[in-house]
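All chains, please: the whole structure from these sequences, using the hints.
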Amino acid sequence: AQTVTQSQPEMSVQEAETVTLSCTYDTSENNYYLFWYKQPPSRQMILVIRQEAYKQQNATENRFSVNFQKAAKSFSLKISDSQLGDTAMYFCAFMNAGKSTFGDGTTLTVKP
Amino acid sequence: DVKVTQSSRYLVKRTGEKVFLECVQDMDHENMFWYRQDPGLGLRLIYFSYDVKMKEKGDIPEGYSVSREKKERFSLILESASTNQTSMYLCASSILKGQGTEAFFGQGTRLTVV
Chain D
1 AQTVTQSQPE MSVQEAETVT LSCTYDTSEN NYYLFWYKQP PSRQMILVIR QEAYKQQNAT
61 ENRFSVNFQK AAKSFSLKIS DSQLGDTAMY FCAFMNAGKS TFGDGTTLTV KP
Chain R
1001 DVKVTQSSRY LVKRTGEKVF LECVQDMDHE NMFWYRQDPG LGLRLIYFSY DVKMKEKGDI
1061 PEGYSVSREK KERFSLILES ASTNQTSMYL CASSILKGQG TEAFFGQGTR LTVV
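The listed protein sequences correspond, in order, to chains D and R.
All residue numbers for the first sequence refer to this note's numbering, where the first residue is 1 and numbers rise by one.
All residue numbers for the second sequence refer to this note's numbering, where the first residue is 1001 and numbers rise by one.
Heads up, some of the hints might be wrong.
Pair by pair, the computed Cβ-Cβ distance ranges are [as the list claims (entries may be wrong)]:
hint : chain 1 : residue 1 : chain 2 : residue 2 : range
1    : R       : L1041     : D       : L47       : 18 to 28 Å
2    : D       : K70       : R       : V1114     : 40 to 50 Å
3    : R       : Y1050     : D       : T27       : 34 to 44 Å
4    : R       : V1114     : D       : K55       : 46 to 56 Å
5    : R       : N1084     : D       : N31       : 35 to 45 Å
Because the hints were derived from the structure by calculation, they are not lab data.
In this text, all values refer to a predicted model and were calculated from it rather than measured experimentally.
For every residue, glycine included, the Cβ atom is placed at its ideal position computed from N, Cα and C.
What follows is the structure, encoded as structure tokens:
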């Protein structure tokens, strides 16, 4: 069974600064996908970024980028130029065979 | 845009009641999922379905059942609600094609069992 660990229950960052959220996972699979999802307060969960395990290049989406270390089974999310709207709970997820396993989440607060 | 709609945002039910949580998606997705979300525990998979009339148990199926009679609708059933089923319930859907397709989530149903 896969496990996903987010070791930081809560984090905060000043507006315009950079923050990195950590995620590690455990699997014996070689082909899988990794995701970061964002759940703003009282709003729907949405996808932030996706990484295919077979790709060495780290995924980027505007201010969001990942540091994917396959051998270390690490998948961290970097948010640059943090904005107030980035305040949310962030979930790391591992997907294999169509089924996802989620971490416990990190609550990020962006302070003005 | 994909839309996943859960029938209720908030529900309050009594212990022992039979509870139905409904989820509808409008993008012809094959996969549908029910999760519960609890503080400090993340999202835990209750049941999922890859096709109409198909269902598979997730990590915490005890006390729950599901129904998928139509492709767009996936219902979660609490046969006899208990206080430890008080939680946020999230429905999600995804395309079957390939493995790397993201999940689209509903807005969640916060269920309180009293």
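Hints, one by one, checked against the model:
Against the hinted window of 18 to 28 Å, the Cβ-Cβ separation of L1041(R) and L47(D) comes to about 21 Å, which satisfies the hint. Between K70(D) and V1114(R), the C-beta spacing of about 47 Å keeps the proposed range 40 to 50 Å intact. At roughly 21 Å, the beta carbons of Y1050(R) and T27(D) sit outside the given window of 34 to 44 Å. Take V1114(R) and K55(D): their Cβ atoms lie about 49 Å apart, and the range 46 to 56 Å holds.
For N1084(R) and N31(D), the Cβ-Cβ distance of about 37 Å falls inside the hinted range of 35 to 45 Å, so the restraint holds.
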